[in-house]
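A.B. asks: Given the structure of chain A, go ahead and fit chain B onto it with the hints provided.
Read off the chains here:
Number of protein chains: 2
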Amino acid sequence: MGDKKTVHLDFHNMMADSIGPEHGITEEELKGLEPLASQYVKELKDERIQGKLPFLDLPYNQDIVVQILETVDFIKEKFKNLVVLGIGGSALGNIAIHTALNHSFHNLLTDRERNGFPRIFIHDNIDPDGFSHLLDIIKPHETLFNFTTKSGTTVETMSQFLILIRLLRNKLGNGYKDHIITITDSERGTLRAITEREGFQSFSIPAGVGGRYSVLTPVGLFSAAMSGVDIGALLDGAAWVDKACQSDNIWENPALMGAALYFLSHAGKNKNLLIMMSYSSALRGAADWFCQLWAESLGKKFSVSKEIIHTGSTPVKAIGVTDQHSQLQLYMEGPYDKVITFWKIERFINTVPIINKEDAVESGLEYLQGHSLNDLIETEFEGTRLALTEQKRPNCTITLDELSAFTLGQLFYLFELQTAYAGKFYKVNTFDQPGVEAGKINTLALLGKKEFEQRKTEITVQLQKKKEGYRISCGN
Amino acid sequence: MGDKKTVHLDFHNMMADSIGPEHGITEEELKGLEPLASQYVKELKDERIQGKLPFLDLPYNQDIVVQILETVDFIKEKFKNLVVLGIGGSALGNIAIHTALNHSFHNLLTDRERNGFPRIFIHDNIDPDGFSHLLDIIKPHETLFNFTTKSGTTVETMSQFLILIRLLRNKLGNGYKDHIITITDSERGTLRAITEREGFQSFSIPAGVGGRYSVLTPVGLFSAAMSGVDIGALLDGAAWVDKACQSDNIWENPALMGAALYFLSHAGKNKNLLIMMSYSSALRGAADWFCQLWAESLGKKFSVSKEIIHTGSTPVKAIGVTDQHSQLQLYMEGPYDKVITFWKIERFINTVPIINKEDAVESGLEYLQGHSLNDLIETEFEGTRLALTEQKRPNCTITLDELSAFTLGQLFYLFELQTAYAGKFYKVNTFDQPGVEAGKINTLALLGKKEFEQRKTEITVQLQKKKEGYRISCGN
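Residue numbers (my numbering), protein chains in the order written: chain A, 3 to 478; chain B, 3 to 478.
Rather than coming from a laboratory, the hints here were simulated on the basis of the structure. Heads up, a few of these hints could be off.
Identical chains blur together in the list; that is why a pair holds if it fits in one copy or across any two.
[Unchecked claim] Only pairs whose alpha carbons sit at most 25 angstroms apart, straight line, appear in this in silico DSS-like list of lysine-lysine:
1. Lys394 / Lys467
2. Lys141 / Lys82
3. Lys442 / Lys359
4. Lys33 / Lys47
5. Lys245 / Lys308
6. Lys33 / Lys467
7. Lys80 / Lys179
Every value quoted in this text rests on a predicted model; they were computed, and no experiment measured them.
Here chain A stands alone, though its shape is the one from the complex (with noise of 0.2 angstroms):
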């Protein structure tokens, strides 16, 4: 086990002992919610027996991979661009993968620097501009399009459906069907209906897996493994933390631990805001991956009991150094309403140097010689967590040794579970997404779907009463 690139937590400047007490935690009010803990874990696990988180078994599931990768042998010659379309769940572990795994400019690269794998484009808005561009720079002929949606019904990815589909069979007549792949549920919903009827290729979601859960299925790991991805390694990562977890002692539970710092952070000390702050750009999307999970998961109304509780903290990403020019200013001298998580990694691929010790260089750059790029984000990271320590700022670091689709596997599934174990801590459903169906309501109902006749009329008086006042323009 020594030797495997790992996963670390350090949360050594969330404590009283390096911050003081009115904004770090005591040992005492962790010692405080041991039994909570240790309660928590063997409610997942037994949840887990019982088949409700099939999430947390989805490591385990080495037939999708072999599923996959025979599929991707078999068509990845065949197109020079792959367009996903997704949205929310159907997207973000996409991009999560993507900008972590591959090279930055991926779709820049000739097709013998891809290996012969497509270009990329993960669609998840409905931007007219945005797809109107899109379809400006591929060529349909050339073009795989993955359809993605849970449920098969999904407004957005349904729209951008018909719309392919139409240009697919005006442009290339019967041979279409090749040029599409949906990702759904298995027996429900529009798009599954569809893809029998017309016998696309397909893969299925498990059931019991919500979108936001969902980066370990086909709907994350088709995309990577047609750009290269280690799909394979992905899956043994989370199933590597899903074993460093087991422990309900929640000094040797990372994920435990994590939920814990964030829930008393909260709940204790007032900070709404859960900045995630990646010294890593390829991380970027993986931290917008996990803002997804964390609001939609804790951002709730209801507590399990039905009081009405308001509660979650507002994930935000920042991304090192790059941040520190734009939004440092705030973190450390604004209000304490923050938990900083900085995401670490140890060892980058390359090595860039900025200058040699032997060369000459301009004055008052003399302390650059012999540093490296490495150097620099390394001790740009130190100096800035060492600032907001110093300001009594809670921020806790995770270290990944290096960044590969075996660590990205264990940053998902680290994640989900410490989710999970904050949804316990927050007393809420961490598996619905109730608020968003009105919004859903309203538009179908504007558009016009026949069952919402009746909001549509309540809307429209809605709409029309707002005051013609309340309303400033520029000069005209």
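C.D. replies: Quick look at chain B alone, frame taken from chain A:
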């Protein structure tokens, strides 16, 4: 004036009329601020006349437009790539313009589709892998490097400068100088000294304009012009808003009203989060630009009268419709700690029909007949705004009649002015950033810069003091 495309602020749903007095603002509260607001307008006008706020006069610097366009005309066809090296205020404005006004896949277009303008890379981090990837895909002899640092000493940018100068000299010999253009202070700093000695092409940043207020100087304008953006129209838009925001009456000055609303929501209603949710993918860069502007200007420990206040709300970017599937659950049901500002484009450039009224459509998708992506994004915006309003979540909307250089220039100036007014309400120095110094000094000390030797010793002691405990690894 009537036919100019412009920008509008609709704050109906910030008001108690719409969402009730617990979370909404009453007319009386706004009226109570009127005398102060009026005074602040006068103060800013006085400071402007005294030359203390030169960023407010940038829209009228048409000379710089002429100079930049002359330079661009002369050099643009010589280069396939423009690489901008800068960070914070030396990158965020550039990215904002590039994402808003250029094709979403600018760098994947052919030379002809780009009208002979180069590919644009704005590189604002020192991640060694990201930097290495950049060098993989650009050839030095085809590339112009634009180094931007206001102080001329920014460690990240000067490190990149040292690396790239070595590369260029090695590859291109004496001709390397033609591949460099610097944008920095007209007199001070290492980069200015080198520029003068070597005879690099260069533009100056006007004295007294801080990084986060510099988008309408050569910092933002040069790279914009190098991709064909109408930089004259950017300045015209800014000037337009300057004229539209002269009134000291809060009800007639959108920048002043915006500042007052955000301030009252934070100070009076405890909303410490300012969500900027853009229903346009193209405005994501502008949202990041705003986040620096707001956070760094208002996130302050001291008031102007030196009281300790630790103030500043936290700006957060969100993207509609994408984040309806990620953050909306939290916005709908979580704590009442947020103000949401929608950014909306009234008319997109492209219209993308989903399915014609007369065409056959899959069962279950009939409601999409006759609609376009334009209708869909519009109704999703309306549906979401209404749902949030019904949950008494304060929200306002910035509408752009269309997205163009003229309206983007308006948006920049509107938010800069609003932030300056907000600084008055918050009683802070809007234009400094003392909080970032400590981290910078730590970094320089750790790198071994001579004048910080004492600090290096202190840091080393600090880092060694750190307990071995409070760290949990996944399996090692």
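A.B. asks: Hint by hint, which ones does this structure get wrong, listed from lowest number up?
C.D. replies: Hint check: 5 fails alone, others pass.
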